[in-house]
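Please model the entire structure based on the sequences and the hints provided.
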Amino acid sequence: MRVALFLTCVNDTLYPETGRAVVKLLTRLGVEVDFPMAQTCCGQAHYNTGYRHEAEPLARHFSDVFGEYEAIVTPSGSCGAMVRELYPRMGERARAEGRGDSLAATLAPVVPKTYELTEFLVDVLGVTDVGAYYPHQVTYHPTCHGLRGLGLGDRPRRLLQAVKGLELVELPGAEECCGFGGTFALKNADVSAAMGADKVRNAESTGAEVLCAADNSCLMHIGGTMTRLSSGMRPVHIAEILASTEEEPAV
Amino acid sequence: MSSRERILGRVRRALADVPQDDTPYEQAVSRDYVREHGERSVAQTVDLLAENLADYRAIVHRCTAAELAAVIGRLLAERGSKTVLVPAGPNEEWLGGTDAERVPDRAESTPHELDQVESVVTGCAVAVAETGTIVLDGGPDQGRRRITLVPDHHICVVRVPEQVVSSVPQALERLDPVRPLTWISGPSATSDIELDRVEGVHGPRTLEVVLVSG
Amino acid sequence: MSGTFVGMPAFPKAAHEAVNNPTLRGNLRHATHTIRAKRATAVAELTDWAALREAGKRIKDHTLRHLDRYLEQLEASVTAAGGIVHWASDADEANRIVAGLVKATGESEVVKVKSMATQEIGLNEALEAEGIRAYETDLAELIVQLGKDRPSHILVPAIHRNRGEIRDIFEHEMSEWGRPAPDGLTDTPAELAEAARLHLREKFLRAKVGISGANFMVAETGTLVVVESEGNGRMCLTLPETLISVVGIEKIVPAWRDLEVFLQTLPRSSTAERMNPYTSTWTGTTDGDGPRTFHLVLLDNGRTDTLADEVGRQALRCIRCSACLNVCPVYERAGGHAYGSVYPGPIGAILSPQLRGTASEIDASLPYASSLCGACYEVCPVAIDIPEVLVHLRERVVEGGPVTREGNKVVLQPAKGHAAERAAMRAARWAFTRPGALRTGQRLASRTRRLHPRTLPGPGKAWSGSRDLPPVPAEPFRDWWQRTQGGKGGAK
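Chains as they are written, first to last, in our numbering: chain C, 1 to 251; chain F, 1001 to 1214; chain P, 2001 to 2492.
Just so you know, the hints here were simulated from the structure itself, not pulled from any lab data.
The structure presented is a predicted model; accordingly, all values stated were derived computationally and were not measured.
One should not assume that every hint holds.
Claimed, not checked - Below, simulated DSSO-like cross-link-like pairs (lysine-lysine); rule was C-alpha separation at most 30 Å, straight line:
no.	chain 1	residue 1	chain 2	residue 2
1	P	K2488	C	K113
2	C	K187	P	K2013
3	F	K1082	P	K2203
4	P	K2103	P	K2208
To be verified - Some chain C residues judged to face chain P by a derived CB distance under 8 Å, without partners named:
no.	residue
5	D12
6	R20
7	H46
8	Y47
9	G50
10	R52
11	L58
12	H61
13	A96
14	G100
15	C144
16	D190
17	V210
18	M220
19	T225
Quick reminder that beta carbons are idealized off the backbone N, C-alpha and C, glycines included.
Spelled out as structure tokens, the structure:
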């Protein structure tokens, strides 16, 4: 199976190790991964801040870049939700504005074949034990767009539970938003920071070394809060845990 | 232009973009929800009513028709009530076991006068098991709405099983919307302090429900 | 604290105070967390919750689609049942109608059932100006009124107060309004409820005019419904000689049968009860039972403007249950006052900027008062996609465009204060549609990475005031991919 990795602009720029982990993990599972070099950004930040019309060219670009692939895999719940939930809505809105079906028709092909990583592993590849080894105490934060937008449910947890050496500790208030919210983190910095601090306190209360999530945007906020609060915990993307093996452990 | 015409005109203009939809009301709404939750025997439904009434702090008693007067007499005596409001209709036999002074439900009574009465005894129109609710519709054995509101102690007689339904949808089917209805689920309560429920505000602080069979 | 919302600062500024008030944070956290768990249990009891939610949504959508017809039907049914129907385009007109009706009775005081519509139009203040005193009788509204405070929650307007604060308000303020608080009043909820009972009893018993809202109005039968807990609603609806109900036009349901949906979903969503203690329904007037005169004031006040917006109109499905407030992490930390409206929380953030427009600073900031986490949509018993409407209203703020105000179509200009953001978004779009430009930027960032601070000056402080920045990696992923041919080249 040949899939396109949609890494997202944030991961490409700031978290290349997550990208390398996805490649390593999928390759290990027999998937042929391609990274279309023309990929950029799904347009989520534009769309969610109120710049839908600025997001449209980005969505068209996404569709141009990824349209030919069998499946598109992304290690981001929120960017996955952007394509799956909001691209169809953008098409509908353009139609309602009297701009015809062109946008909807352009975006339609990529919508059903875009998968968030854990979804792809569990639903498409049908695996929960990916042969990973990660000898640490981990607590898992389900990010909002993965949880409520894509309905990832217990897939990430099932994948983590199958990791050798990993002890999964329940996070109190797990389903509560960490406070990132894209430009919300800037526009409402006080509330965002308060939510982040509460998330970190809850994470610390588990005694785990690692807080894991399937979205680096949220982890950037939580991790930045952790270092500021001098918490001993580390934020780690789930791909890096699942890519880690006894032969090649994650650092 | 009257405000009536202005508002109706605004509504029509606001909906101008919406495609014409002449689906009749009956077909416009999918009603895939259930008419009642779970399967129960008649006796189990009555038990559920008792359980849910008690869960919201109503005091539940069960007796036969022959025992009813004695039970009501005992409840009024235990409460120490010297006066009891009685709807115009019935129920003389319900009060055969008490010496408390009967105060009739009269249109002329002022709220202040009603406030002097200690207890009220009524029937009901229907009771809902799933929610622990009794519904009054102002029928002859229930009287005006205010008589079950101002006195602090309400005894409500429910004939079981015939007055009991399982669910809210079944209750609404039995009720006449033209009549003024009061749905009562436990004594008055509030969640206004720290969103935690405490019983006992303006309505009767004690609600006793007598489930009468036979 | 003043009793009005006029001139509220933008949400972030108002929230700043709340976030740094530990008592308020504690009160809100305690109350919202208490009710969250209970709601989940109450909802889980109904195996058909999803179907009830869908039916509730469809009933409301169908009604809104044919609102003109159902309004006319309601008017005819209420009139046939002995009620008198009035129409009010806006708050001023509604206030004038109500004040006139009260004056016509010769009374100078009224008792009120908790009602969002009358809060929205500022009825109490309008009556006060006409020499009419309005007594709030809901416990939480009483706390707000006595404390000269503002409501901060739809269901529990005094949610920002804990029991100790309520005790102090009762002790100091009750005597100003009538019967003083009992001596030695403690802060146990039961004693506080008892104090309210004693304080309000006399007012109920002597009241000649009651004012209410309604949770539902049934077009087919002309029936109004009030859902409550304390019995203050029953007092106001049945003891006075005259009843005046002020109700938003979106509160209509077509048929009696429709109540079977909402009487299941509303109590479980709001107070997390299988059923609230008291629900009253009345159809016009009834001989010898309850008020002899019944007036219904149908209120527009921005609702038809909201109806004109094809994305935003779903907000009119709202049944005012408060479930979205109780689960909202932003509400929990910012508190209700920051929303600058009687409708706080997620629903307020989409309702206020539609009812009032986005012209004021506070209304233009409300669509941003959310991290778009979606918890509100998940619990909404009529499936209002609040995040969708929030984003739509953000678009209205930054792009402007056609809207309806007071029944007229107007074109809004883009809001001021977003120019830098708009430029940044355009620049980002430019770069993101040109992979080469993105790559150049990434490389520049990587080459200068040792120079990057972990905190930022100026506007960047919004991030780095509370969070460190992530370090920029030595090379972006795409360079690694190209260098190693997707990791196959051997280089790590």
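Going through the hints against the structure:
1. P:K2488 - C:K113: 26 Å, holds
2. C:K187 - P:K2013: Cα-Cα ~10 Å, so holds.
3. F:K1082 - P:K2203: 26 Å, holds
4. P:K2103 - P:K2208: Roughly 12 Å separates the two Cα atoms, so the pair holds.
5. D12: 5 Å, holds
6. R20: With a closest approach of 7 Å, the C:R20 hint holds.
7. H46: 6 Å, holds
8. Y47: 7 Å, holds
9. G50: 3 Å, holds
10. R52: Holds, about 5 Å.
11. L58: 5 Å, holds
12. H61: The hint holds - C:H61 has a Cβ within 8 Å of chain P, the shortest such distance being about 5 Å.
13. A96: 6 Å, holds
14. G100: Because about 17 Å separates C:G100 from the closest Cβ in chain P, which is outside the 8 Å limit, the hint is violated.
15. C144: 4 Å, holds
16. D190: 5 Å, holds
17. V210: Interface hint status for C:V210: violated (16 Å vs cutoff 8 Å).
18. M220: 5 Å, holds
19. T225: 5 Å, holds
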